[in-house]
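**Q** For reference, the chains in residue letters:
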Amino acid sequence: MKVLVTIKRVIDYSVKVRVKRDGSGIDFSGVKMSLNPFDEIAVEEAIRQKEKGKASEIVVVSIGEKDCQETLRAALALGADRAIHVKTSLETQPLGVAKVLKVLVEREKPELVILGKQAIDDDCNQTGQMLSALLNWPQGTFVSKLEVMKDKIRVVREVDGGLETLDMPLPAIVTTDLRLNEPRYATLPNIMKAKQKPLEEISAISLNVDLTPHLKTLHVKEPPKRKAGVKVKTVDELLDKLQKEAKVF
Amino acid sequence: MALLLIAEHTQNTLTPGTLATLTAAQSFSMPIHMVLFGKDCQKVAEKARSFKNVKKVLKVENPLLEHMVAEVATPTLMELAKDYDYILASSSTYGKNLLPRLAALLNVAQISDVVEIQGKDIFLRPIYAGNALAMVKSEDAIKILTIRATAFEKALPDLSKAAIETYAFKPPMGAVSTFVKMEESRSERPELTAASTVVSGGRGFQSKEKFALLEELADVLGAAIGASRAAVDAGFVPNDFQVGQTGKIVAPDLYIAIGISGAIQHLAGMKDSKVIVAINKDPEAPIFQVADYGLVGDLFVLLPELITKAKEILRRNKEKQ
Ligand SMILES: Cc1cc2nc3c(=O)[nH]c(=O)nc-3n(C[C@H](O)[C@H](O)[C@H](O)COP(=O)(O)OP(=O)(O)OC[C@H]3O[C@@H](n4cnc5c(N)ncnc54)[C@H](O)[C@@H]3O)c2cc1C
Ligand SMILES: Nc1ncnc2c1ncn2[C@@H]1O[C@H](COP(=O)(O)O)[C@@H](O)[C@H]1O
Numbered sequence: 001m002k003v004l005v006t007i008k009r010v011i012d013y014s015v016k017v018r019v020k021r022d023g024s025g026i027d028f029s030g031v032k033m034s035l036n037p038f039d040e041i042a043v044e045e046a047i048r049q050k051e052k053g054k055a056s057e058i059v060v061v062s063i064g065e066k067d068c069q070e071t072l073r074a075a076l077a078l079g080a081d082r083a084i085h086v087k088t089s090l091e092t093q094p095l096g097v098a099k100v101l102k103v104l105v106e107r108e109k110p111e112l113v114i115l116g117k118q119a120i121d122d123d124c125n126q127t128g129q130m131l132s133a134l135l136n137w138p139q140g141t142f143v144s145k146l147e148v149m150k151d152k153i154r155v156v157r158e159v160d161g162g163l164e165t166l167d168m169p170l171p172a173i174v175t176t177d178l179r180l181n182e183p184r185y186a187t188l189p190n191i192m193k194a195k196q197k198p199l200e201e202i203s204a205i206s207l208n209v210d211l212t213p214h215l216k217t218l219h220v221k222e223p224p225k226r227k228a229g230v231k232v233k234t235v236d237e238l239l240d241k242l243q244k245e246a247k248v249f
Numbered sequence: 250m251a252l253l254l255i256a257e258h259t260q261n262t263l264t265p266g267t268l269a270t271l272t273a274a275q276s277f278s279m280p281i282h283m284v285l286f287g288k289d290c291q292k293v294a295e296k297a298r299s300f301k302n303v304k305k306v307l308k309v310e311n312p313l314l315e316h317m318v319a320e321v322a323t324p325t326l327m328e329l330a331k332d333y334d335y336i337l338a339s340s341s342t343y344g345k346n347l348l349p350r351l352a353a354l355l356n357v358a359q360i361s362d363v364v365e366i367q368g369k370d371i372f373l374r375p376i377y378a379g380n381a382l383a384m385v386k387s388e389d390a391i392k393i394l395t396i397r398a399t400a401f402e403k404a405l406p407d408l409s410k411a412a413i414e415t416y417a418f419k420p421p422m423g424a425v426s427t428f429v430k431m432e433e434s435r436s437e438r439p440e441l442t443a444a445s446t447v448v449s450g451g452r453g454f455q456s457k458e459k460f461a462l463l464e465e466l467a468d469v470l471g472a473a474i475g476a477s478r479a480a481v482d483a484g485f486v487p488n489d490f491q492v493g494q495t496g497k498i499v500a501p502d503l504y505i506a507i508g509i510s511g512a513i514q515h516l517a518g519m520k521d522s523k524v525i526v527a528i529n530k531d532p533e534a535p536i537f538q539v540a541d542y543g544l545v546g547d548l549f550v551l552l553p554e555l556i557t558k559a560k561e562i563l564r565r566n567k568e569k570q
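Chains as they are written, first to last, in the numbering used here: chain W, 1 to 249; chain S, 250 to 570.
For the record, the hints were derived by calculation from the structure and aren't laboratory data. A hint or two may mislead.
Said to hold, decoys possible - Here are the simulated EDC-like cross-link-like pairs (lysine to aspartate or glutamate), alpha carbons at most 16 Å apart as the crow flies:
1. S/Lys292 x S/Glu310
2. W/Lys216 x S/Asp389
3. W/Lys244 x S/Asp502
For clarity, every value in this text was computed on a predicted model and none was experimentally measured.
The following block holds chain S by itself, in its conformation from the complex (with noise of 0.2 Å):
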């Protein structure tokens, strides 16, 4: 018995997501080959080497690998999936493009989202934007999973050295789409499925300029910042922000939703987070029903006074330490 997980990398690190997914293959207590797609791997493969049950690292290194497409990776992924009882991935849009291929050409069911391993073939997972939970029996020899990353720790590295081997790319056969750009949303700011605090904004800001009041609250805190759909949509900030059933899923250990209704969507995405904040102008909106402390009011009056406060707050226990 063997697991296989494929890890999502920066080229220098492992992925939070696929962290989390480690943790996940851990707990199956079998050994754990890790597979790594790229132009040039070896400094994330020195990385993945040295991690609980890892017994072998995989890199499939080719000038065709640099940006994933899907297409290209499957042929190589076939050719390994034969040895594996079960294959992981995180459920980010890297897992989420590659994994339902496997999983099709295997015949087999691939498994979304899983938030709890109940036995070696049964799972748990969210359905209907996390108003439900569906504990699902894989009837399939091989199972195929993505991991939802907010459900399990992420994983830390040991004094483990496992063996790095190249696996050879196979090319794929037929037409095949072709990478044109890569337009990043960058930030200097932390991840936001990884962040420890996140300010999200929603339609609430009305306009991109004075979302920028939130921005200053980010820095405040430290935090990622997040955002609805309608933000979204209005262009306040780009897609990889929305949080949601459709968008991130994030857990932080403090959420505050400011100008954010709680729609089910949005709720989907971050009602598992620690503390939620919500700041909002309607008394009666949702998302004071998942909120720990809410703050009725005109978020133009609140945020600034809270933006000064929080600053002199964390000023004062600077100073005390």
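Here chain W stands alone, though its shape is the one from the complex (with noise of 0.2 Å):
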């Protein structure tokens, strides 16, 4: 089973991002940038799915500027085999994403393609669904935990009010959430490797999709800040300003 994984290149998780003073948008000088921790998780799935014997190959595939090249390496050096990047300047949103992502679907033929569920930067949750719209293939979204059997896979989904369970007929669409797995770590000797796996880098403008935007960003702010409260001493203090001040006794 062949497996294609999706890379976003994203702020790293723990940064607190900034929005620039004149609203066109967030602050990426000198910010750390990272793997999407849902794409790691992905990442991971397949990496554990071929060590079992359930997978054959692992490709991932990002597309941005230039530097997702480093991102997808980080990719390698956890255990992909092969890359390739969509090179792009222009802003990508899901429906975009999703359309080159179909076409080298159609071109490498894989039987799984896992996402991660949402990308940390834009919080759309999108993208996987879209992309199974479009290759009329069965989707398992926000999925916890995935068993290949024979020629399907079963998926558990963490829905509001609990968890789902869907057999799925193979090719088919996964998007990851937290629980699936815990990423490893890359380790020295296979950073030193990957940088011999093969990246191909493809233009976007030759695989003929439109990426042209759809959503324009008008301007970007902050959200309303929370005024300091207090500190208080003993919990008799707390349940008076509750009822006093806050009024929810």
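Given two chains presented individually in distinct reference frames, assemble the corresponding complex, making use of the accompanying hints.
**A** As structure tokens, this is what we get:
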């Protein structure tokens, strides 16, 4: 089973992002960039399936500027076999990304595509569902358990209200949730080895896909700040404040 | 101009998220058609018909729709979608699972987690775990939005009686997933995203057994229970208790965070609560930066005291009435 995994380069989850003064967007200067955590989980899952003898080859794909290649190398260091960078200087939005992925799926013919459920920059939570619709393949979103069976996969989905189990015929689309696995760290020898692994660069234009954003960001602002509260010393004081000031009792 | 609202329901009632989405829909001042998917939707359709601006309730009924599988509902939705300028659903896992599919097939963008409708094509939505708000303009003819429930009041029914119609189910072509089972995290407590009080616990509770202390507080306050990712990962509570960027978004009147450090991802899910209380032994914990009232100390000492004293206050309040 060939597996395609998508990789987005995003601001590291531990960074407190700042909005630019002029409201034009987020300040990227000097900010640490990483593999989107949900994509890291996707890569890990593909590797585990390979270790179990279920997956044959793991191809990772990223769409964006040149520096995506650094993130793809990180995925190769974790254990992916091969990388594809679809180069564009346009802002990537889920619809455009899904269209590019569709073309790549038709070319690479994987049986399973694993995406993150959500990119932690745009927080869209859309791309996997869009790709599934465009390919007319079954979708399993927000997956916290994946079992590869003979001619299908069984997934457990984290939904509001509990856990839902689905059987999915292959080929299929899966998006990862936090509890699918705990990603490993890349070892130094693997980081060295990753430098030799194949990384193909394709220009988005050559794929004939329209990546023009459908959404225009007019401006970006900071959310209203909560005013600083007070520290209370005792439980009595807390309950007193809750009754008299907050009136929640 | 007309708006289609994909309503999530429990067979008996519309979900709180759907009621909030209705309020967002009403702000467009155009006729609203609500579509209900399910095996049997008559009961909930009777309820759905009585809201301002709702002109039609469409039932799509089929045994295959007993459990929503996105691929199964998509062809019917595609048939329906052609007649609408706006398509809305709540940004629950239900809405998030469905709407991007529709958008892709209609070749339009989907706008996630809308918190403010600024105009017919301009919307405000949080990005980066709510650390920024983006004002976006849609360039598409059809606007497909998921609505963040905490940003809108829940719509109240009125005396109107919209027509209830049946809309033909269009079966899917090609391979689809099949529903196997649902393990519900049942609870007698109020639903997390709709509760007026939420008490949340984190890694500080140390174990599932000790987490039970939080349940006692929830019982006293009639609160829903929430949790940090760490508490869910450690197995103290089920997955759908997670509050945060990638869990549930809550905005109750009172949110009490206990043994939770206050990571960006957690704050993203609760910082719009009206009153926030934090109990943590670390005075530097970031949760105190958003808390209206912070109490520094050991939760295993403070929580039992809080439970006893809150119980006493509530008992006295009751006697006074
Ligand atoms: C992609 C991604 C998505 C995420 N999504 C979410 C999300 O949706 N929701 C979420 O919550 N997190 C999320 N996280 C995780 C988040 O970054 C934090 O790791 C998590 O919120 C920490 O949980 P915690 O506060 O319970 O644990 P910790 O950070 O370990 O904090 C425990 C706290 O308990 C206090 N404590 C310990 N013992 C006691 C005691 N006896 N009395 C009082 N206080 C005590 C400590 O001082 C500490 O502040 C996400 C992370 C990533 C990478
Ligand atoms: N530019 C991109 N390149 C590669 N993968 C992407 C890109 N954008 C989104 N994805 C994938 O789609 C998932 C969901 O993203 P989103 O729909 O933007 O929240 C991410 O976790 C990635 O796996």
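**Q** Does S/Asp502 lie within 16 Å of W/Lys244 when you go C-alpha to C-alpha?
**A** holds (15 Å)
**Q** Hey, S/Lys292 versus S/Glu310, does the alpha-carbon distance stay inside 16 Å?
**A** holds (12 Å)
**Q** Measure nothing beyond the straight line between the CA atoms of W/Lys216 and S/Asp389; if it is 16 Å or shorter, mark the hint as holding.
**A** holds (11 Å)
In summary, this structure violates none of the numbered hints.
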